[in-house]
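Each residue of the sequence shown is one higher than the last, beginning at 1 in the numbering used here.
Do not rely on the hints blindly, as some may be mistaken.
Unchecked claim - In silico EDC-like pairs for lysine to aspartate or glutamate, Cα to Cα no more than 20 Å straight-line:
#, residue 1, residue 2
1, Lys151, Asp12
2, Lys150, Glu27
3, Lys34, Asp121
4, Lys108, Asp146
5, Lys108, Asp171
If you're looking for bench data, these hints aren't it; they were derived computationally from the structure.
Note that this is a predicted model, so its numbers are computed, not measured.
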Amino acid sequence: MSSELVEILSADELRRTLTRLASQIVERADDLSKLVLLGIYTRGVPMAELLARQIEVLEQVRVPIGALDITFYRDDLDRNDLRTPETTEIPFDLSGKIVVLVDDVIFKGRTIRAALNAVHDYGRPEAIWLAVLVDRGHRELPIHPDFTGKKLPTSRDEQVKVYLQAIDGRDAVELTTRRGL
Numbered sequence: 001m002s003s004e005l006v007e008i009l010s011a012d013e014l015r016r017t018l019t020r021l022a023s024q025i026v027e028r029a030d031d032l033s034k035l036v037l038l039g040i041y042t043r044g045v046p047m048a049e050l051l052a053r054q055i056e057v058l059e060q061v062r063v064p065i066g067a068l069d070i071t072f073y074r075d076d077l078d079r080n081d082l083r084t085p086e087t088t089e090i091p092f093d094l095s096g097k098i099v100v101l102v103d104d105v106i107f108k109g110r111t112i113r114a115a116l117n118a119v120h121d122y123g124r125p126e127a128i129w130l131a132v133l134v135d136r137g138h139r140e141l142p143i144h145p146d147f148t149g150k151k152l153p154t155s156r157d158e159q160v161k162v163y164l165q166a167i168d169g170r171d172a173v174e175l176t177t178r179r180g181l
């Protein structure tokens with residue numbers, strides 16, 4: 001079995017994509033004082049930080065950031081490798097806020113369903129929006145992002161990998177295709 005690797009977004013393209021996502025979030029939000037960003041572990045957290053920095057550059061407003069671990073809200077724990085849970089950090093009340101859930105890749109929608117359940121343990125937001133870097137399709141649940149950096153139709157045997165400087169030491173998005181010999 002071999003695999004083929006294709007770069008989907010370079011570091012510069014990823015930076016421009018995040019800038020565009022931040023602009024779209026600002027345009028949609030009527031009141032930035034209500035806006036909070038919640039990154040979903042793992043790569044959604046540094047993405048939320050990057051989006052918040054860009055919103056601050058654009059609007060001179062510091063948007064609160066939180067980190068959400070959804071491990072125990074998942075419905076597929078019996079099928080996936082159990083990972084060590086991270087610490088959810090939401091140092092503000094979500095009630096009445098516009099919460100933007102931030103994640104790197106949306107696939108089946110199950111991570112986002114779990115995140116929605118988790119959010120409601122921390123308050124009753126006015127609205128919940130979803131921002132993702134890559135939408136690869138294949139949804140199993142009726143969940144669709146409000147803000148998408150790149151739509152990337154994939155097959156089920158392809159894998160999308162996001163690399164972020166804060167975690168991986170580089171910025172890129174790559175698509176890996178497994179090929180039979």
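Sort out which numbered hints this structure fails and list those numbers smallest first. 5
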